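Asks: Residue 87 is where the sequence shown starts when you use our numbering, and the numbers rise one by one after that.
You may find that some hints are simply not true.
Cross-link-like lysine to aspartate or glutamate pairs, in silico, EDC-like; alpha carbons within 20 Å at most [what the hints assert, rightly or not]:
1) K178 x D130
2) K178 x D192
3) K155 x D128
4) K178 x E188
5) K205 x D115
6) K189 x D118
7) K155 x D130
8) K205 x D97
9) K189 x D97
Worth flagging that the hints you see were computed from the coordinates, not collected in a lab.
Since we're looking at a predicted model, the values are computed, not measured.
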Amino acid sequence: MGNSLIAVIDDDALVRAATTSLLRSMGYDCCDFASADAFLSDRDCRYDCVVSDIQMPGMSGIELAHVLKSLTPRPPVILITAYPDARAIAAKTSGVASALLEKPLDGDLFLAAVQSAIKSGSIEG
């Protein structure tokens, strides 16, 4: 587990802090961002996994996942949402996202999804 770098992107500061705190308590290194645009502006880090809320002002988590799909290698993306809809489910089933989880997050399911995403590694093309 340790030393994998995870980006947490959520416009809700409390959710972002709680998610980051949980990941850090499990030994992960994290950077958190209030928006997809802020995340995309960070060119200094290579993330082992990206955890993103779907519904955010500006670019959505689904749109971000599509942008990341163009990277080689690309980090696995876990999408989280309080309102799963057909677009979110399609992002998961099409492989744009490695997991789709509903808020409030179940800690055990979330950590299992992160572990699985990191174990699978970066997705080529």
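Asks: Hinted pair, alpha-carbon criterion (20 Å max): K189, D97. Please report holds or violated.
Replies: Distance ~14 Å between K189 and D97 Cα, so the pair holds.
Asks: Holds or violated: are the alpha carbons of K205 and D115 at most 20 Å from each other?
Replies: With a Cα-Cα distance of about 16 Å, the restraint between K205 and D115 holds, given a limit of 20 Å.
Asks: Regarding the pair K205 and D97, is the alpha-carbon distance no greater than 20 Å?
Replies: Given that 20 Å is the threshold and the Cα spacing comes to 27 Å, the pair is violated.
Asks: Can you confirm whether the C-alpha distance between K178 and D192 stays at or below 20 Å?
Replies: 18 Å, holds
Asks: Quickly compare the C-alpha distance for K178 and E188 to 20 Å and report which way the hint goes.
Replies: Answer holds: K178 to E188 is near 13 Å, not above 20 Å.
Asks: Please work out if K155 and D130 have their alpha carbons no farther apart than 20 Å.
Replies: 18 Å, holds
Asks: Take a quick look at whether K155 and D128 sit within 20 Å of each other, Cα to Cα.
Replies: Answer holds: K155 to D128 is near 17 Å, not above 20 Å.
Asks: With a cut-off of 20 Å on the C-alpha distance, tell me whether K189 and D118 pass.
Replies: Holds, at roughly 18 Å.
Asks: For the pair supplied as a hint, K178 and D130, confirm whether the alpha-carbon distance does not exceed 20 Å.
Replies: Roughly 27 Å separates the two Cα atoms, so the pair is violated.
Consistency with the previously given hints fails for numbers 1 and 8, ordered from lowest to highest.
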